[in-house]
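Here the protein sequences line up with chains A and B, keeping their order.
The letter at position 159 of the first sequence is residue 159 when you use this note's numbering, and the numbering goes up by one with no holes.
The letter at position 220 of the second sequence is residue 220 when you use this note's numbering, and the numbering goes up by one with no holes.
Careful: at least some of the hints might be erroneous.
Once the Cα atoms are required to be at most 27 Å apart in a straight line, the calculated DSS-like pairs of lysine-lysine come out as [claimed, not checked]:
1) Lys180(A) with Lys180(B)
2) Lys78(B) with Lys180(B)
3) Lys180(B) with Lys16(A)
Don't read these hints as lab results, they were simulated from the structure.
Small disclaimer: the values here were computed from a predicted structure and weren't measured.
There are 2 protein chains.
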Amino acid sequence: MFHTVAIVGATGAVGKEFISLIEQRGLQAERFVLLASARSAGQTLDVRGEPHTVQDLATTPFDGVDVAFFSAGGGRSKEFAPRAAAAGAVVIDNSSAFRMDPNVPLVVPEVNPEDVRTHQGIIANPNCSTILMNVPVWPLHKANPLRRIVVSTYQAASGAGLSAMLELEEQTRDVLAGRKPEPKVFPFPIAFNLFSHNSAIGPEGYNEEEIKMVRETRKIFHAPELAITATCVRVPVLRAHSEAVNLTFSRPITENEVREILSAAPGVRVVDQRDPQHFPMPIEASGADDVLVGRIRRDISQPDGCGIELFLSGDQLRKGAALNGIQIAELLAHQ
Amino acid sequence: MFHTVAIVGATGAVGKEFISLIEQRGLQAERFVLLASARSAGQTLDVRGEPHTVQDLATTPFDGVDVAFFSAGGGRSKEFAPRAAAAGAVVIDNSSAFRMDPNVPLVVPEVNPEDVRTHQGIIANPNCSTILMNVPVWPLHKANPLRRIVVSTYQAASGAGLSAMLELEEQTRDVLAGRKPEPKVFPFPIAFNLFSHNSAIGPEGYNEEEIKMVRETRKIFHAPELAITATCVRVPVLRAHSEAVNLTFSRPITENEVREILSAAPGVRVVDQRDPQHFPMPIEASGADDVLVGRIRRDISQPDGCGIELFLSGDQLRKGAALNGIQIAELLAHQ
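Produce the complete structure using the sequences and hints provided.
Here it is in C-alpha cells:
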C-alpha cells in the first residue's frame with residue numbers, strides 16, 4: 001500500500017492505461033496525483049471512480065509521492081524524473097531516457113524482478129517491443145541459452161501515442177472516401193500501408209527501435225553478448241504489436257519442449273492451434289494482459305535442431321507499457 | 001508476335017492485371033481470348049481498347065492459342081492447362097498446380113530465363129512472395145552464395161483475390177462505423193488486424209505459403225539444399241507485399257557491395273535513404289514494376305560479416321503475378 005501515486009502523462013494513451021490498470025489490479029494508495037503538460041492541465045479524469053484534476057507537471061512538487069509512473073516522453077522524464085526521485089519518489093519511467101543507464105534497473109517482472117532491488121530512485125520500463133519479446137523468450141533462454149535472435153515486428157499505431165491511433169482511423173476514413181491521407185503524426189501515410197519504424201537511423205543502419213530491442217534485451221537478460229538483429233515495421237493496426245521471432249539455441253530443442261515451457265511461463269498464453277487455425281492476432285491481444293504466442297515450430301533452416309520459430313502478439317499499451325509498470329510497482333509494494 | 005493469346009481467369013484481380021499489362025508492355029497478338037468460369041462468362045472487358053466478351057472456360061476450345069495465361073485457381077489449372085497444352089498452347093500458369101512438377105519450369109525471368117526453354121507446354125509462374133524475394137536475392141546469391149534465408153512477410157489482401165481486397169475495405173468501413181467486421185473471404189477479420197497466412201499447415205508446422213517460398217526458391221535458384229525459413233503473415237494492405245529478409249552468405253559481404261549489386265540488378269529499385277527516411281512501402285510499390293529494396297545493412301548479430309538485412313515491397317498483382325507471367329511470354333516471343 002502506497003501513500004501517494006503520481007501518474008505523469010496522465011492524459012496520454014499509456015497514462016490512461018495506467019489509470020484503468022490501477023483500478024483493475026487493485027493498486028492501493030491513499031492519494032492519486034495526475035500530472036501532464038500545462039496544455040493538458042485542468043482536465044478531469046476518474047481514478048477508481050473519483051474525479052481528479054490533472055495538474056501541471058512543471059509546477060507541482062513531488063513531495064509525499066511514493067511511486068511516480070512517468071509516460072510523458074523522454075524529454076520530460078530527463079527533466080522531472082530526477083526531481084521526483086530527489087523528493088523521495090520511486091520513478092517507474094516508461095521513456096527511453098534512463099533505460100541504458102547502468103545505475104537504473106530495466107525490469108520485466110517475469111524476467112528480472114530481482115533487479116528492482118538495486119534501484120536508486122528510478123526504474124526503467126523497457127521498450128514495448130522488447131517487453132513483448134522478452135516475456136516468452138526468457139523462459140526458453142533459461143532452459144537452453146540462446147545464441148541468436150532474428151526478429152521482425154508488426155507494430156501498432158499506439159506505440160506513437162493516442163494521436164497516432166486517431167491518425168490511423170482518420171487517414172483510413174480519408175482513403176475509403178477517395179481523399180488523399182494527410183500524415184501529421186507519422187511521416188508517411190499509415191492507412192492501408194506500412195513502413196520501417198521511423199525512429200532515427202544510427203551509423204550501423206539500424207533504427208533506434210531496433211537498437212532498443214537489441215540492447216535492452218541484453219541488459220534485461222544479463223546477456224551482454226547475445227546476438228540479436230531486429231527489423232521494426234509500423235503496420236495499420238491500432239494497439240497490439242506482433243513479432244515473428246526466429247531463435248537459435250545452444251543445444252537442440254523440440255517444438256514440444258518449447259510448448260511445455262511456454263505453457264507454464266508467467267505472462268504467456270499459448271495460442272497455437274493448427275486446424276482450424278488459431279494463432280496470435282492483434283485483435284485478440286488487445287486488452288489482454290498476456291503475450292499470445294503461437295506458430296511454434298522447429299526452424300527447418302537449422303538442420304542441427306537448435307532453431308525455433310514463433311509468432312507473438314501483445315497489447316502495446318498494457319504489457320508493452322502500463323501493465324509492466326504496474327507490475328514493477330507491485331514488486332516494490334511487496335518489498 | 002503471337003497469333004492468339006488467351007487469358008484464363010480474365011475477370012479476377014490477376015486476370016485484369018494481365019489485360020492492363022498486355023497493353024502497357026505492347027504484347028503483340030492478332031487475337032485475344034478471355035476465359036473465365038461460367039458464372040463470369042458474358043461480361044465484356046476491353047483489351048487494347050477493343051471490347052471482348054468473356055467466354056466460358058469449360059466449353060471453349062484452345063485451338064490456335066499460342067500462349068494461355070492461367071490465373072483461375074489450382075483446380076482449373078489442373079483440369080484445363082493440360083488440355084490447352086495438348087491443343088498446342090504454351091500455358092503460363094499462375095497457380096501452384098504445377099510449380100513443383102519436375103517437368104515444368106518455374107521461372108522468374110530475372111533469375112532463370114534459360115529454364116523457359118525446357119518447357120513441355122506448361123511454364124509455372126512462382127508464388128508472389130517467392131518472386132518478390134527472388135528478384136533482389138538472386139544477384140546477391142550469384143555474387144556470394146547464400147547459406148541461409150530467414151524471411152518474414154507482410155502480405156497484402158490482393159493475394160487472396162479481388163474479393164479479399166473488397167473485404168478489407170468493407171470491414172474497415174464497418175470497424176470505423178462501430179460495426180463488427182464480418183469475415184467472408186478470410187477466416188479472421190483483416191481490418192486493423194493481421195494474422196498468420198491462412199493456407200493449410202503441414203506436418204512441420206509451416207503453412208503452404210511458407211513452404212512455397214522455401215521449395216520454389218530452391219527450384220528457381222537451382223539450389224536444392226539452400227536453408228530457408230519463412231513466416232508468412234497477412235496484413236491490412238491492399239496490393240503490395242513486403243518482406244523483411246535476413247541473409248547469411250558464404251563469405252563476408254559489405255553493405256556497399258550489396259547496394260552496388262542491387263543498384264545494377266534488373267527488376268530492382270533501391271529505395272534506401274536514411275535521412276530523411278525513405279524506404280520501401282506498399283503504397284509506393286503498388287503499380288510499380290520493380291521490387292523496391294531498402295533498409296540494407298550489415299546484420300549486427302552475425303559478427304563474421306556474412307549477414308545482411310534488407311526490406312522489400314513489391315506489387316503482388318504485377319511482379320508478384322501478372323508481370324512475371326508477361327515477362328515469361330516475352331521470353332517465349334524472343335525464342
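Identify every previously stated hint that the structure contradicts and give their numbers, smallest first.
2
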